[in-house]
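J.: These protein sequence lines map, in sequence, to chains G and L. Quick note on this note's numbering: the first sequence kicks off at 1 and runs consecutively. Quick note on this note's numbering: the second sequence kicks off at 1 and runs consecutively.
Keep in mind the hints are simulated off the structure, nothing from the lab. Every residue gets a Cβ at the ideal spot worked out from N, C-alpha and C, and that includes glycine.
Label-pair distances were calculated between CB atoms; the ranges are: (1) G:Ala159 with L:Gly131: 36 to 42 Å; (2) G:Val21 with L:Glu10: 27 to 33 Å; (3) L:Arg85 with G:Trp96: 46 to 52 Å; (4) L:Gly152 with G:Phe33: 25 to 31 Å; (5) L:Glu166 with G:Phe18: 43 to 49 Å; (6) L:Ala40 with G:Val157: 21 to 27 Å; (7) G:Phe18 with L:Ala46: 22 to 28 Å; (8) G:Phe18 with L:Asn47: 20 to 26 Å; (9) G:Ala10 with L:Ala46: 14 to 20 Å; (10) L:Gly162 with G:Ala109: 21 to 27 Å.
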Amino acid sequence: MRERLSRMSAATTLLVRFVHVVGMALVFGGAAFAWATLRAGGPGRADAGGSTASGGDQTPFAALYELVFWAAMGAMVVTGVGNLGALGPPGPSGRWGSLLTAKLLAVTAFVLGSFVRTLVVFRLRRSGPTGSGRSLLAKSYGATAAALLVLVALAEVLAHG
Amino acid sequence: MGEAAGGVGERGRFEAWVVSSFNLVALSLVGLLTAHASGALEGELANFGTLPGVAVFAYLWLLTAAATRWALADGGLADLRTGLRGLWRLVLRGFAAGALIGAAFLLGVVLVGAVLNGAPLVALALIALIGVAAASVVGGVIGALSVVLDAGCYWAAGRLVGRWAESDGSGRAADAE
Numbered sequence: 001m002r003e004r005l006s007r008m009s010a011a012t013t014l015l016v017r018f019v020h021v022v023g024m025a026l027v028f029g030g031a032a033f034a035w036a037t038l039r040a041g042g043p044g045r046a047d048a049g050g051s052t053a054s055g056g057d058q059t060p061f062a063a064l065y066e067l068v069f070w071a072a073m074g075a076m077v078v079t080g081v082g083n084l085g086a087l088g089p090p091g092p093s094g095r096w097g098s099l100l101t102a103k104l105l106a107v108t109a110f111v112l113g114s115f116v117r118t119l120v121v122f123r124l125r126r127s128g129p130t131g132s133g134r135s136l137l138a139k140s141y142g143a144t145a146a147a148l149l150v151l152v153a154l155a156e157v158l159a160h161g
Numbered sequence: 001m002g003e004a005a006g007g008v009g010e011r012g013r014f015e016a017w018v019v020s021s022f023n024l025v026a027l028s029l030v031g032l033l034t035a036h037a038s039g040a041l042e043g044e045l046a047n048f049g050t051l052p053g054v055a056v057f058a059y060l061w062l063l064t065a066a067a068t069r070w071a072l073a074d075g076g077l078a079d080l081r082t083g084l085r086g087l088w089r090l091v092l093r094g095f096a097a098g099a100l101i102g103a104a105f106l107l108g109v110v111l112v113g114a115v116l117n118g119a120p121l122v123a124l125a126l127i128a129l130i131g132v133a134a135a136s137v138v139g140g141v142i143g144a145l146s147v148v149l150d151a152g153c154y155w156a157a158g159r160l161v162g163r164w165a166e167s168d169g170s171g172r173a174a175d176a177e
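Please model the entire structure based on the sequences and the hints provided.
T.: Structure, rendered in structure tokens:
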């Protein structure tokens, strides 16, 4: 019975980590893809100055990313806490504790910035003409992908020292 | 209420989903940071299994999504364009939604806990009576503060879009010349 419980616990821990990693892959991959797509153009390609000449409304695509992004962020917060519980969280002092504080602060700042980006998409969807905001969205998703890279690096340091 | 007002329809659902998810994620992170800084995180997590933790979080997410949808049903964040009056209306709605979330969350958790642990009915009623009032006030304050945070982000997004539109317009004017 104890062995069965232990196996179940190991499976749960593995599942929690799997969901956490898949969530990060979704938000990072999605942001990088959105940045590349919006930069590359197609109809309504961004000109040399970064502004949009015509056509190609990108806000439905951006809105889809935002829906997936917030679902993934919710899942990543709960699985992140699960990971901490499995590892045994450190106290606030010490190197590991300070790294965890830094990571939590960085994630909080990232979440705030991401919400502003989401509201930019929301405002462009409401009032923008077709093809509007392509360069602004491209910059937003580029910044999101860059910030996520920093967070992944912090997570690696936190996990492996 | 039409879709243009943000109450119903695809855009209304989009708004309610992203706002509720952001508020829950931000609140969770602030809670984690506070618990970690005070050194209480280790003890709190030790008393919580993975599956109960996921179930509690999912329940809170569901409550937040439903309450946010109600709070934004009459105009949504676009109400903020009307200035302080719009903000005040949203803060009041946020307080009410937060109070509902606090009460429903406590009731749900207490009920499930009582059923699982076989607690007596009188003790359950007493906890519910005192706890729901306190949870409503705490939830209401958190709801109102969340609206202020949402409004700040909405304002920042508006500034970004406005600045982009200005630079885009001047760029095109220069091209035309």
